[in-house]
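Asker: Sequence:
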Amino acid sequence: MGKYPQSREFLKAFYKVQSKITRKSLLGIALFVEGLLLRFRGRGAESLGYFLQAGNILKKYGIKRPYLRVMLEMGGVYADEGNHEKLQSHLRKIKKDITTYSAEDIYARWGYLEAYLEFLKGNFESALEILNAQIMVSKDMELMEIIWQQEFLLARIYEANQQMEEAKLNYLASMETLKSIWDPLEKDLKKEYLKDPRRKQVFEESSKFLSS
Numbered sequence: 474m475g476k477y478p479q480s481r482e483f484l485k486a487f488y489k490v491q492s493k494i495t496r497k498s499l500l501g502i503a504l505f506v507e508g509l510l511l512r513f514r515g516r517g518a519e520s521l522g523y524f525l526q527a528g529n530i531l532k533k534y535g536i537k538r539p540y541l542r543v544m545l546e547m548g549g550v551y552a553d554e555g556n557h558e559k560l561q562s563h564l565r566k567i568k569k570d571i572t573t574y575s576a577e578d579i580y581a582r583w584g585y586l587e588a589y590l591e592f593l594k595g596n597f598e599s600a601l602e603i604l605n606a607q608i609m610v611s612k613d614m615e616l617m618e619i620i621w622q623q624e625f626l627l628a629r630i631y632e633a634n635q636q637m638e639e640a641k642l643n644y645l646a647s648m649e650t651l652k653s654i655w656d657p658l659e660k661d662l663k664k665e666y667l668k669d670p671r672r673k674q675v676f677e678e679s680s681k682f683l684s685s
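Under the numbering used here, the first residue of the sequence shown is numbered 474, with each subsequent residue one higher.
Worth flagging that the hints you see were computed from the coordinates, not collected in a lab. Among the hints, a few may not be true.
Simulated pairs of lysine-lysine, PhoX-like, Cα-Cα distance not exceeding 25 angstroms [stated by the list, open to error]:
# : residue 1 : residue 2
1 : K532      : K568
2 : K641      : K652
3 : K569      : K537
Now the in silico label distances, taken between C-beta atoms and shown as ranges [unchecked claim]:
# : residue 1 : residue 2 : range
4 : E558      : G522      : 12 to 22 angstroms
5 : K594      : D570      : 33 to 43 angstroms
6 : K559      : E665      : 21 to 31 angstroms
All C-beta atoms, glycine included, are put in the ideal place defined by N, C-alpha and C.
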C-alpha cells in the first residue's frame, strides 16, 4: 500500500482519527484501500463496489474525513468514465457534507470534480473559473497529486476551447508535476506509479499534443 502516494496520504488522515475507530469500522478502512488499489490499476467500475461498502460503514461510525475521501474517489470514477449524469447526482448527494467540513484538501478535490462536471457538460468557462481558483489553493498546500490532475484538466479545456498556447503550458505543467512526484521514487515504485491509467494518459495525451 505504501507504493501509492494516495495511500500514504490516506494513512496520515487515518492516524488522526484512529482513537475513534472501532473494530467494525476498520473494515471500512480496508474496503476503501482495496477500492483505491483497484482504481489505480484501471479497474474503476470494480472499485465502486468497495467504495460504496466503505462509505456506508465509515458514515455509520462517524469517521468523517475518510468517509468524504471515499465519496470523492467514487466521484472520480464517474469523472473517469465521462458519466456526467452520475457525477452530477453524486456531487449533489455529498455537497452538504463537503461544504460543512473544514479542510482545504477535501474542498480542492471537490472543486476538481465540480470543474470536471462542467467540462463534461461543455461549460468550459465555468470549469476554468473553478479550476483557476482551486489550483492556487492546491499549490499553496503543495497537494501535488491534485495539482497534476488540475493542470491536465486545464490543458484539455483550453485545447477544446481552441486556446492552444494555454493548453500547451498546462500540458507541460502536468507532466512536470507528475515527474516531480515520480523522480524521487525507487526504481520498482516508479513502475507501479505509472500503472495508473490516469497518469499514463497525462504523458500520452500531452506528448501527442506537443508533437502535433
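Asker: Confirm or reject each hint.
Answerer: Tested hints:
Simply put, K532 and K568 have alpha-carbon atoms about 15 angstroms apart, close enough for the 25 angstroms limit, and the pair holds. At most 25 angstroms may separate the alpha-carbon atoms for a hinted pair to count; K641 and K652 meet this at roughly 17 angstroms. Proximity of K569 to K537 is assessed by CA-CA distance (about 13 angstroms); at most 25 angstroms being required, the pair is judged to hold. At about 19 angstroms, the beta-carbon gap between E558 and G522 stays in the expected band of 12 to 22 angstroms.
The hinted window of 33 to 43 angstroms between K594 and D570 is violated, with their beta carbons roughly 23 angstroms apart. Taking the beta carbon of each, K559 and E665 are about 29 angstroms apart, inside 21 to 31 angstroms as hinted.
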